[in-house]
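> Given chain A, put chain B in place with the hints provided.
As a plain string of letters, each chain reads:
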Amino acid sequence: MSYEEVIFYFVAAVTVLGALGVVVARNVVHSALFLILALLAVAGVFILLSAEFLAIVQILIYGGAVTILILFVMMLTRVRDMPQALDGPQRPFAALAAGAFLALSVLAAVSSDWPGETEKITVVPFRELGDALFRIWAVPFEVASLVLLVALIGAIILARSEEGE
Amino acid sequence: MIADNAWLDGLIRMGAIALAMPLSVIILTYLERKISGRLQQRLGPMRVGPYGILQGLADTIKLLTKEDLRPQTADRWTFELAPFAVMVPVFLAFVTLPFTADLFVRNLELGLFFIIAVSGVSIVGFVMAGWGSDNKYALLGGARAAAQLISYEIPLVLAVVAVAMIAYTPEAGRGSLNLVEIVDGQGRVPFIVWQPLAFFIFLVAGLAELYRQPFDIPVAESEVVGGPFIEYSGIRWSMFQMAEFVSMVLISVLASLLFLGGWNWPLGNGAGIALQVPLIFVKTSFFILLFIWLRFSLPRLRIDQMMQFCWQVLLPFALLQIIINGWVLVYGWPDWTLGVSSGALTLVAGYLTYRAARQAAEQPVSPRLHRVGSVM
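Protein sequences appear in the order of chains A and B.
Residues 3 to 167 (the numbering used here) are what the first sequence spells out, left to right.
Residues 2 to 377 (the numbering used here) are what the second sequence spells out, left to right.
Calculated from the structure, these hints are not laboratory results.
Keep in mind that this is a model prediction, so the values were computed, not measured.
Where a beta carbon is used, it is the ideal one built from N, C-alpha and C, also for glycine.
There are no misleading hints in this set.
What follows is a set of in silico ranges between Cβ atoms, one per label pair, in the way DEER data are often shown:
1) Val-89/B to Ala-161/A: 33 to 43 angstroms
2) Ala-99/A to Asp-10/B: 45 to 55 angstroms
3) Leu-276/B to Phe-136/A: 37 to 47 angstroms
4) Met-47/B to Ser-4/A: 57 to 67 angstroms
5) Gly-23/A to Leu-348/B: 48 to 58 angstroms
6) Ala-19/B to Ile-63/A: 22 to 32 angstroms
7) Ile-63/A to Val-278/B: 29 to 39 angstroms
8) Thr-120/A to Gly-11/B: 21 to 31 angstroms
9) Leu-276/B to Ala-161/A: 48 to 58 angstroms
10) Thr-120/A to Ile-13/B: 27 to 37 angstroms
11) Gly-11/B to Leu-19/A: 20 to 30 angstroms
12) Phe-136/A to Val-190/B: 22 to 32 angstroms
Bound conformation, chain A alone:
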């Protein structure tokens, strides 16, 4: 086994265990912490694929910003006092939906015809990435930012109206 494989299996194991922890943990804050672990491990997979830029963005956005905001909100809402909030009468439906989705994914993975030898990975310089993002795909990029902006304004309006202003 080459060292890339060793690292891959380690990172993959951490990802899977972290993802399992998210759904198995009885405490919501623990779930959020496991989510951070899983997302950081995914950055490791990106590095193995020589997508360094993507890996660092993954760490910056998911490891350092989004999940912390999730944690921040949880901390301020006293989730610890209500561990049963994760459970509900819709449990069988949720199990059914999740099971069906898992079966579908496994089926797709097993039935698809994977090519044995993949092409050698070529590293894309981040300059080319920037060129592609801001020149060729500028309009989709702007649309995505617009969606985020709308979400931001929506959040501000919601927060404002709750204060009765």
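Below, chain B alone, put in the same frame as chain A:
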């Protein structure tokens, strides 16, 4: 290359960093106490060794042998892993931080971006410590830490982007995230001349990221009694302390690399290896002394002032700096336009902040701000 094997080589280099950093923390704690003594007209530590120089060592032994306490109601794993979540990212940032042209662990193409991204992960540790301690002051401190560190990360990143935009490399022209290239690309004039606005934004945001006075809102003793660290003792508390001092070194080295020309002479380049180490050492020490000096000179900001300053002053001006850099690059204006425009904007930002502070001092605090203060 120190060793033939790339893995062994990396391990040795990282090991050297891991040994040097605790040592520098011991020295820095002694220095900070000594300098604070000077500033407050007292002697500082004098008992252990001549002039108290062994005080740091004595503190280390004390902290290592103290009992590692954990509150009974604390969330065990969150509480115990939080110091690691704070310290590991800070040390990871040193993987790509160059001290001289040859003295680094690995010179990554995206080094600057890597440092910014990885050091952001340590915020998770503060939130873990704050929540896991099961203490209301720790929780408040954790919430404050998350709010402050996330907010100030944005102007910090934007200031760094402004520098990365105008960094010049002979092969690819303008724009680089490689720290060695950024330092060499400064040529004869360091970036503090071309980008004074970005420099001040970086300095203030960096100070806030270090949560030291005047930005010590997350750990304020008189408000939240040490914040997230309130329940920690012994080795785990000292890990937080170490992370704080190591990130102070990190920010200082980064500031001298980005804005003061790193290992080069102030108005020239091509210093030999024997001069590169002292040069970067002097520049880094300057920032560290500045941070210690500020700590004992400025009063703590209120949380609403801290937030307003970040979102209403630092962020818009950081964006302005990036826009101006973009114009200069696109239209190919000469370099001096960068320095003049950035300098003028620095003065405008300073004046606006001064005026806002004067107005705020005259008006009573609005009830809305009282409420914000009561939540955090």
